[in-house]
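Engineer: Residue strings, one per chain:
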Amino acid sequence: MSELLRVENLVKHFAVDQGVVASHLGKKVHAVDGVSFSVNKGETLGLVGESGCGKSTTGRCIIRLLEPSAGSITFDGTDVRSLRGKALQSFRRDVQFIFQDPYASLNPRMTIGEIVSEPMVVHRIGTPATRRTRAKELLDVVGLNPEHINRYPHEFSGGQRQRIGIARALALNPRLLICDEPVSALDVSIQAQVINLLDELQDRFELTYVFIAHDLSVVRHISDRVAVMYLGKIVEVGGWLGLYDQPHHPYTQSLLSAVPVPDPDKQRSRERIILEGDVPSPIDPPTGCRFHTRCPIAQDICTATEPELREVADGHEAACHFAKPFPITAEAPAAVAGEGAVAG
Amino acid sequence: MALLEVTGLRTQFFTRDGVVKAVDGVSFELEQGKTLAIVGESGSGKSVTALSLMRLIQEPQGRVVEGGVNLGGQDVLKMSDTAIRAMRGNRIAMIFQDPMTSLNPVFRVGYQIGEALRVHKGMNRKRAFDRAVEMLDLVGIPNAAHRAKDYPHQFSGGMRQRAMIAMALACDPDILIADEPTTALDVTIQAQILELMVELQQREGTAIIMITHDLGVVADMANDVMVMYGGKQVEYGVADDVFYRPLHPYTWGLLDSLPRHDISAKGELCPIKGQPPSLIDIPSGCAFHPRCPYAKEICRTTVPALVEIEPGHSSACHFSGDPAFRRDQVACSADMEAN
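Line by line, the protein sequences give chains Z and C.
Residues 1 to 344 (my numbering) make up the first sequence, in order.
Residues 1 to 339 (my numbering) make up the second sequence, in order.
Heads up, a few of these hints could be off.
[To be verified] Partial selection, computed: residues in chain Z whose CB lies under 8 Å from chain C:
| no. | residue |
| --- | --- |
| 1 | V188 |
| 2 | A192 |
| 3 | I195 |
| 4 | H214 |
| 5 | H221 |
| 6 | D245 |
| 7 | L256 |
| 8 | V261 |
| 9 | P264 |
| 10 | K266 |
| 11 | L275 |
[To be verified] Chain C is nowhere near these chain Z residues, computed Cβ spacing over 12 Å in every case:
| no. | residue |
| --- | --- |
| 12 | S2 |
| 13 | R6 |
| 14 | A70 |
| 15 | G71 |
[Unchecked claim] Straight-line distance between alpha carbons at most 27 Å, and here's what the computed DSSO-like set of lysine-lysine pairs gives:
| no. | chain 1 | residue 1 | chain 2 | residue 2 |
| --- | --- | --- | --- | --- |
| 16 | Z | K266 | C | K266 |
| 17 | C | K266 | Z | K41 |
| 18 | Z | K266 | C | K34 |
| 19 | Z | K324 | C | K266 |
| 20 | C | K273 | Z | K136 |
| 21 | C | K78 | C | K121 |
| 22 | C | K34 | C | K121 |
| 23 | Z | K86 | Z | K41 |
| 24 | C | K121 | C | K149 |
| 25 | C | K34 | C | K78 |
| 26 | C | K149 | C | K126 |
| 27 | C | K296 | C | K273 |
| 28 | Z | K324 | Z | K266 |
Because the hints were derived from the structure by calculation, they are not lab data.
Virtual Cβ for every residue (Gly too), placed ideally from N, Cα, C.
Excised from the complex, chain Z in its bound form:
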């Protein structure tokens, strides 16, 4: 399989402009701090993490909705960060974005036909008549009735609106789709419909996905490979099976153990790792390993030295000094567990 997207050492800092002291000290929010990954053609890479871990910022940097502070992004051999003018436009045809909120991402004053054909208008493709035919075709592809082309977004439910957003993203025959929490605003039964639709479209149009979400079960279902982020860094990346069955990083382990399973017996007998405290502020991230303030197995080295991503199994990397394939036991780490509680 050939590589379609490569992100290397991506950094995005936001300047803090609120508060007299903070802005004068030149404080920065370290939203993304040295993230590297690659995505192969036809593959789905899941980016998962809790709020504020930098997953959406990473997605936005890839399509240059945000200008990265440092690092390189290569799409199909071309350097995305140096693109200007025509070349940038053509890049944006190849890479499209699906947004989280199907209520806020559709213009309420446009009909869904106009919404779906807008990308073609922007990129001057076709005539009004051919664009309309194409819009109908796209609505059909995403499972909406093409006759509804003249309706407005408010006439549709959440799941149907998300389908409209997907149709719009497909309008220019993109090769890469960045999906930022595309199903988290939807009800369970509708969520499954949209996930199945994304799966089907991927096969049909040979699409490549970067799938950003906080729901670990959804990410596992749709992804070939998964990268787990914490405070602007990737802490673990690997194939979906290896990562979920044998998580090596204590953060991945605690994340997975925190998601309740819809099976009462299993849920009662599961060993859970409850993390103490909150995620530290990305304005002033902890030294060494960023997870050490909440980590149940942290040692002195974790405060001092930042662990690099290293291979722990075939195609499976983790950034932890003590990466181990089995879940940490509940008794051993109790001594350090209290530390994180001061956070917040």
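Based on these hints, arrange chain C on the given structure of chain Z.
Structural biologist: Using the frame of chain Z, we list chain C on its own:
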């Protein structure tokens, strides 16, 4: 006798477009120290059920038109306004979904937690504040004496939800209603909050009504489960029965729609086709029939009653109880139809 007995509760909203039958004949019981989970998708009537119990339905546009809510021998629906105010926040307390908007931004957290104590227990400011500090400490806020003087914006999302729990538990209520208490939180924080609720329940013997759409949370917390669809109860029973021997096709659909991370193979998702119904225009017969792969003629014409199929486990489906009516009858059809 059960702590809380709800019988035939019907709540409606009268709008320009018609009557919204938000809750349409719901009955359940809650014992002391137990947890009942109400599960359903948006618009299934689960929150309105909770608000009806608290008499928080805004009149005149909304009204509990029928039913009884028996709380320790008293009918909540017939209580005077004064009696209701004495009950709310005192015997039944509620935690709302969004901890960001349910705290008042201009009062200190400790003052807000103490409010219930001043109103219901007649404490003075000083004593109420001291008790609020104890409560914050109980729900695991570090350095509580100091943090009680903070304003809500100085708290993180998880801490605000802890503060909400502290506020709800301040008067030692018999019943705690939690309306999607962890939906706005990250999973690691969700795990903290759920554990806290279980711990407090075991210590204080509080009964919990947990409203959620997350079947994982249900499996984690619930003794009993009530599944709602289109304002009606479709299945009701002990958690293990509902998860391991579900009776209603809607429950089957919900369970089959869930991606799982605890099973090695990637199962196929079988979504329920179509959309949930509008509560103004509920389909005739069984509300679920337009989406049900098993629907027959009778489902279009006759509303199925909630029938006890096995001891303590009931279902509102014409075919539940028929041994030939099984979940695997209709193969998963990846339905692309959006309508």
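Engineer: All hints, please: hold or fail.
Structural biologist: Cross-check of the supplied hints:
With its C-beta approaching chain C no nearer than about 5 Å, V188/Z sits inside the 8 Å limit, and its interface hint holds. Checking A192/Z against chain C: minimum C-beta separation of about 3 Å stays under 8 Å; hint holds. Taking 8 Å as the C-beta contact cut-off toward chain C, the hint placing I195/Z at the interface holds, the least distance being around 6 Å. Checking H214/Z against chain C by beta carbon gives a least distance of about 7 Å; that is within 8 Å, so the hint holds.
Of the supplied interface hints, the one on H221/Z holds, with its beta-carbon coming within about 4 Å of a beta-carbon of chain C, less than 8 Å. About 6 Å separates the beta-carbon of D245/Z from the nearest beta-carbon of chain C, less than 8 Å, and the hint is met. A least Cβ separation of about 7 Å between L256/Z and chain C falls short of the 8 Å threshold, and the interface hint therefore holds. Hint on V261/Z holds. Least Cβ distance to chain C is approximately 5 Å, under the 8 Å limit.
Using the Cβ-Cβ criterion of 8 Å, the hint placing P264/Z at the interface with chain C is satisfied: the shortest such distance is roughly 5 Å. The closest approach between the C-beta of K266/Z and any C-beta of chain C is roughly 6 Å, which is under the 8 Å cut-off, so the hint is satisfied. At its closest, the beta carbon of L275/Z sits 5 Å from a beta carbon of chain C; the interface hint therefore holds under the 8 Å criterion. No Cβ of chain C approaches the Cβ of S2/Z within 12 Å, the least distance being about 24 Å, so the stated non-interface status holds.
Listed as outside the interface, R6/Z is consistent with that label: its C-beta sits roughly 26 Å from the nearest C-beta of chain C, beyond the 12 Å cut-off. With a cut of 12 Å on Cβ distances, A70/Z stays outside the contact zone with chain C, its closest approach being about 28 Å. Distance check on G71/Z: its Cβ is at least 26 Å (rounded) from any Cβ of chain C, clearing the 12 Å threshold; non-interface status holds. Simply put, K266/Z and K266/C have alpha-carbon atoms about 18 Å apart, close enough for the 27 Å limit, and the pair holds.
Among the hinted pairs, K266/C with K41/Z is consistent with the structure: their alpha-carbon atoms are about 21 Å apart, no more than 27 Å. Restraint check: the Cα-Cα separation between K266/Z and K34/C comes to about 20 Å, which is no more than 27 Å; the hinted pair holds. At most 27 Å may separate the alpha-carbon atoms for a hinted pair to count; K324/Z and K266/C meet this at roughly 24 Å. For the given pair, K273/C sits about 22 Å from K136/Z by alpha-carbon distance, which is consistent with the 27 Å threshold.
Restraint check: the Cα-Cα separation between K78/C and K121/C comes to about 24 Å, which is no more than 27 Å; the hinted pair holds. The suggested pairing of K34/C with K121/C holds, with an alpha-carbon distance near 26 Å, which does not exceed 27 Å. Between K86/Z and K41/Z, the direct Cα distance comes to roughly 24 Å. Compliance with the 27 Å bound is thereby established for this hinted pair. Restraint check: the Cα-Cα separation between K121/C and K149/C comes to about 21 Å, which is no more than 27 Å; the hinted pair holds.
For the proposed pair K34/C and K78/C, the alpha carbon gap of about 25 Å is at most 27 Å, so the pair holds. Restraint check for K149/C and K126/C: the C-alpha separation of about 13 Å stays at or below 27 Å, so the hint holds. For the hint linking K296/C to K273/C, the alpha-carbon distance of about 16 Å falls within 27 Å, and the restraint holds. For the hint pairing K324/Z with K266/Z, the CA-to-CA distance comes to about 23 Å; that is within 27 Å, so the pair holds.
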